[in-house]
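J.: Produce the entire structure from the sequences given, and follow the hints as far as they go.
From first to last, the protein sequence lines are chains A and B.
Using the numbering used here, the final residue of the first sequence is 144, and nothing's skipped along the way.
Using the numbering used here, the final residue of the second sequence is 311, and nothing's skipped along the way.
Simulated from the structure, these hints should not be mistaken for lab results.
Note that the structure is a prediction, hence the values are computed from the model and not measured.
Keep in mind that a hint or two might mislead.
Said to hold, decoys possible - No more than 30 Å apart at the CA atoms, straight line, and that leaves these computed lysine-lysine pairs for BS3-like:
| hint | chain 1 | residue 1 | chain 2 | residue 2 |
| --- | --- | --- | --- | --- |
| 1 | A | K136 | B | K62 |
| 2 | B | K101 | B | K243 |
| 3 | A | K105 | B | K101 |
| 4 | B | K11 | A | K126 |
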Amino acid sequence: MTWISKTITVFGGLLLAHACYSAQEHAALQSFKAAATSTLTSSTPAASSLPVDIAIETIVATLITVLGLVLGTRPLRPIQWRVWAGKIEREGEEGFLGNNGEVEKDYMGNPFSYLESRPSFVDIRKQRKEFSQWVKNGGSQGKN
Amino acid sequence: MAPSLLYNPAKLPPSAALQLAQQAPIVLQQSLSGTETVDQWATYENLLLSCLRTGDDEAAAKCMDRLEERFGADNERVMALRGLLSEAQAENNGELEAVLKQYDAILEGNNTNIPITKRRIALLRSMGRVSDAASALVQFLDFSPTDAEAWSELSDLYFSQGLYSQAIYALEEVLLLSPNAWNIHARLGELQYMAATTSGNGGGSQQKYLAEALKRFARSIELCDDYLRGYYGLKLVTTRLLKEQAKQAKTDEGEFTLPEPRTIQRLDELATAKLSEIVRHSSLKDRGWRGYDEREVAAARELLSQNGIER
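T.: Set out below in structure tokens:
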């Protein structure tokens, strides 16, 4: 999925660069022409607008770039609290994978779980005891 | 899935803690000379906690040194971690008393040192001096009443002493501070359910607790779709309420309002349907249903089979 969006973005960027280059060339040509004519006749230079094909190319290039960028964004997240919370409970980390297949950096599970684990009040001696008990019991499946 | 060193490891199971502690050599190998990253110090702190838990004191001491080097030994958070280190390494009660004296000395110099205050309370509780811990905690909450974590600890402390009404009060304070915490709503429901099952005087207060618990579980589900814990509690409460209604005629006390029997019946059906859906999907390991704790799913399955419902 990502390579499609990247190709489209790059293509749009190229098109945009081409349009810019064309516009610049057009302007240079116009000013050259104006300079050439003003030496002969001191009349005002003809007001020259950008050719319509360059304008169209710019607009199309912008649209294509935007399309590419939109395709490349990460999946949208739920904005309703209960849906978001339910996603955390139901899917866990799997629900919050980024485009690269890794868990997104700001995923932290239930943000209120600290109210139940209470890290500032941790009883480290009890944890140590439980851990050594767990190791003694074989270590593969422990409680708590 | 690998646990991350970026979050506090307090709630992780032993296997995950071991996994984290085993990363110690890799993390400690990196020299400090490079540029600081946002996650670096959180990593050290959590590694320190995991290593202490698994008994890897050497690596823990190294983490501690690095944190102290960076933030200075008089940083409040670092002081608390240093205290944690000495608590973990204390071998007998005398040494623990010494650590406690140290905390007292620190607090005498600066009695607004919140991390150390919390460590002192935790140490008191760990040493079995629960009433001292409770009074210290109440004192702490007097000058810092917006600390949700401390209220939650107080609730747990009272709960461990069987003082349900106090525990419920403290947890209600937590809900005032973080009203969207769906797990706390469920926890409060659990406390109220337990209070209802243990209160011997029956009748009024029991019914009141059950009605409250029903509301709490319903709220936790409202805040979180497909919340296994919430539906489990809802199922327990509705089953009990329906059973009791069959036994006794409806007693209207006026203080609280129990929903209509029909509503309870429907809530019960909803909880049953949701629980069996969750259990079914989880045991098939369907995509998008793998976030539940396996033990919780097993408990839900047991509850359903107790009620004679085929999956």
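J.: Determine for every hint whether it applies to the structure shown.
T.: Checked hints:
Our distance criterion of 30 Å between C-alpha atoms is met by K136/A and K62/B, whose separation comes to about 26 Å. The straight-line distance between the Cα atoms of K101/B and K243/B is roughly 54 Å, outside the 30 Å bound, and the hint therefore fails. Proposed proximity of K105/A and K101/B is contradicted: the alpha carbons are some 41 Å apart, above 30 Å. For the hint pairing K11/B with K126/A, the CA-to-CA distance comes to about 13 Å; that is within 30 Å, so the pair holds.
Of the numbered hints listed earlier, those contradicted by the structure are 2 and 3.
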